[in-house]
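**Student:** Protein sequences, first through last, are from chains A and B.
Start counting the first sequence at 1; every next residue gets the next number (this note's numbering).
Start counting the second sequence at 1; every next residue gets the next number (this note's numbering).
Possibly wrong hints are sitting among the right ones.
Said to hold, decoys possible - If we take Cβ atoms under 8 Å as the criterion, some of the chain B residues that face chain A in the derived model are:
1. Ala60
2. Pro80
3. Val120
Quick caveat, the hints were computed from the structure, so don't treat them as lab data.
We treat Cβ as the ideally placed atom computed from N, Cα and C, and that holds for glycine.
Listed below are the residues making up each chain.
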Amino acid sequence: MATNVRERTEADRPLPDERLREVLRLLKLARYFDERMEALYRQGRLPGAIYSGRGQEGTHVGVAYALEPTDSLFPTHRDLTAQLTKGLELKRVMAQYWGRIDGYLRGRDGNSHIGDWYGNRTFAVMSHLPIAYPVACGAALAYQRAGDRRVAMAICGDGATSNGRWHEAINTSAIFRLPVVWVVNNNRFAYSTPNRGEFPIPTIAERGASYGIPGVRVDGGEVLEVYAATKEAVDRARDGGGPTLIESVSLRWRGHAGHDPAKYMPAEMLEDAMANHDPVRNFQEQLLGWGVVSEQDVAKLQGDIEREFDEGYEYALASPFPEPGDVTKGLWVEDGYWTSPPGRGGGTEAG
Amino acid sequence: MSGVAVEAGAAGHGAEPRGKRGDDGQATYLIAIAEALWEEMERDERVFMLGEDIGAYGGAFKVTEGFIERFGPERVLDTPIVEETIVGMAVGAAMEGLRPVAEFQYADFMSSGFDEITTVLSRYHYRAGVPLPVVLRAPSGGGVRASSFHSTNPEPYFAHAGGIKIMCPAFPSDAKGLLKSAIRDDNPSLFLEHKWIYRRIKEQVPTEPDVLVPIGKADVKLEGSDVSVITYGAMVHKALEAAESLAQRGISTEVVDLRTVHPFDEDTVLRSIEKTSRALVLYESFRFLGIGSEVAATIAERAFEHLDAPVMRLAPPNIPVPFSPTLEDAFLPQVADIEAAVERLSTW
């Protein structure tokens with residue numbers, strides 16, 4: 001059959017249709033959330049900071065979708081989409097952004113410095129990247145010791161690969177053959193510094209060879225490519241084959257944080273990424289071409305996502321602030337703060 | 001390596017640390033610490049150790065000698081030289097239910113793991129509600145001619161971080177009981193082993209495996225009525241030595257050993273001040289913003305009406321620990337310095 005539409009082969013479609021639709025929902029949810037939160041931030045309606053993951057949804061959904069619920073994820077502030085993929089509820093994420101008690105961290109931390117260890121096995125993000133890389137080694141060590149075939153995954157950006165801990169953690173994981181997958185979200189900028197100011201070799205993936213582990217470079221604009229490579233790495237780790245380094249290349253479409261206009265980014269670079277490597281649009285067109293979704297399905301999906309966002313916004317603003325008198329609680333385990341229902345007396349209006 | 005049968009020796013302990021006690025049954029501080037580790041490893045399979053050269057080599061100070069033969073390389077994990085990763089791994093393993101005890105070769109090298117300690121370990125429970133039962137062990141302190149990079153007292157750095165309990169025991173029994181408490185505690189702990197004490201101080205140490213010393217409780221090592229010396233670590237021994245000669249001059253010194261420096265036992269300190277009305281705070285970390293600064297401030301704040309003299313501090317200046325004997329002795333508080341300070345306070 002001579003046609004432009006790609007054949008429906010198993011290689012192209014590593015997941016059943018239902019799951020392909022779920023991947024599309026995650027991609028579109030991430031994109032919509034990112035755009036709306038930026039708008040609210042610019043309107044002065046969102047306190048704190050935002051760290052856009054726009055343009056990198058293929059990386060985030062692709063890697064996190066390869067994990068099982070009992071596997072753990074150690075992400076960065078850029079990787080909220082990966083946490084949503086792992087299962088975090090949008091409304092509770094939004095409650096965290098507005099500093100409310102129903103946020104995952106009870107207002108103890110904000111924005112995408114989020115995590116849900118007991119529910120979805122995601123580590124609460126810290127800023128000092130790649131600070132979670134060594135911690136992922138420890139979780140993986142526990143899985144290896146228990147022999148329970150679980151896997152830890154850590155994500156950092158291209159910039160964090162320059163840090164000594166990146167080497168320490170990967171080197172150590174390779175020595176002990178730990179069940180861990182190291183993901184580098186290469187969005188080509190570390191704040192304002194481009195790749196050429198961060199590493200002197202062509203790719204980050206080739207650093208895997210120096211640790212004696214596979215290093216794989218994938219196109220972050222193609223979610224299924226990311227997923228397939230990650231799934232292979234996760235399976236290898238699960239089977240005792242040790243760690244893998246995955247470099248997923250995309251572009252950070254927005255600044256480092258909401259305040260950063262990213263004037264250092266060449267316009268043509270961004271235009272090319274948006275025109276040719278948009279992971280959300282690419283995948284949507286792929287599914288339309290395959291007949292996995294119809295235009296109507298896509299429209300309904302978009303409507304559902306917008307409604308979920310609006311409901312999340314209402315939920316967040318209706319959730320009380322933390323009780324000010326609880327400010328010192330929870331430092332020590334024995335005060336019981338984290339094992340009892342939190343005080344909800346902080347009101348819903350900011351002071 | 002694991003599963004090597006331990007031959008029951010005369011004391012029934014074979015390769016166990018307890019078999020290394022002296023003929024009089026006394027244990028050094030070092031042996032007492034090893035006993036605590038051994039007994040907790042036997043008691044709880046979740047407990048494991050990680051660090052540099054702790055396996056076949058037995059650790060830089062030989063605290064873990066013989067452990068790998070008994071517990072195997074999985075529970076006595078030799079790591080590369082990766083201090084950030086040692087701490088990070090301990091955190092990750094604790095999040096998944098293990099109870100790691102990480103050894104630093106020297107407390108000085110904790111600065112190489114500083115970020116994982118102060119950013120992850122100390123803050124995680126407050127931020128996210130996941131307990132981290134991690135113990136960091138590290139030989140600290142000076143007076144052994146080990147110079148700038150093998151002599152520091154880093155407890156103020158980590159006390160300032162917040163959510164880490166910090167113990168600095170001075171006696172073998174306290175070391176054993178406190179380390180056991182730290183391993184059983186669900187919070188992060190920093191257990192600082194003063195290397196000057198390791199092989200110098202020995203005493204009868206409990207053999208029953210469930211004898212614990214509570215975290216956060218000071219102990220009055222010497223009762224006195226004229227002046228209170230509030231101290232911890234190796235300085236406890238200097239204070240006791242000074243108290244002996246002060247007694248010959250008719251000055252009665254009370255020596256309060258904090259044992260845990262964060263959180264420290266305010267009540268025991270204040271009770272002592274109520275009795276003596278005079279306080280010398282003696283400590284080995286830097287004078288400026290040291291542990292003793294906080295103790296002194298607490299006394300000034302909460303016991304003002306009981307004081308007959310200003311609260312005094314005796315501690316090293318904020319300079320790197322020097323090497324040459326004359327310089328290190330000038331740097332560290334000496335017995336004569338303590339005597340002079342107590343005498344001055346007693347006649348205020």
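**Student:** It remains to establish, for every hint, whether it holds in the given structure.
**Tutor:** Structure-based check of all given hints:
With a least beta-carbon distance of about 20 Å to chain A, the hint placing alanine 60 of chain B at the interface is violated under the 8 Å criterion. Hint on proline 80 of chain B holds. Least Cβ distance to chain A is approximately 6 Å, under the 8 Å limit. With its C-beta approaching chain A no nearer than about 6 Å, valine 120 of chain B sits inside the 8 Å limit, and its interface hint holds.
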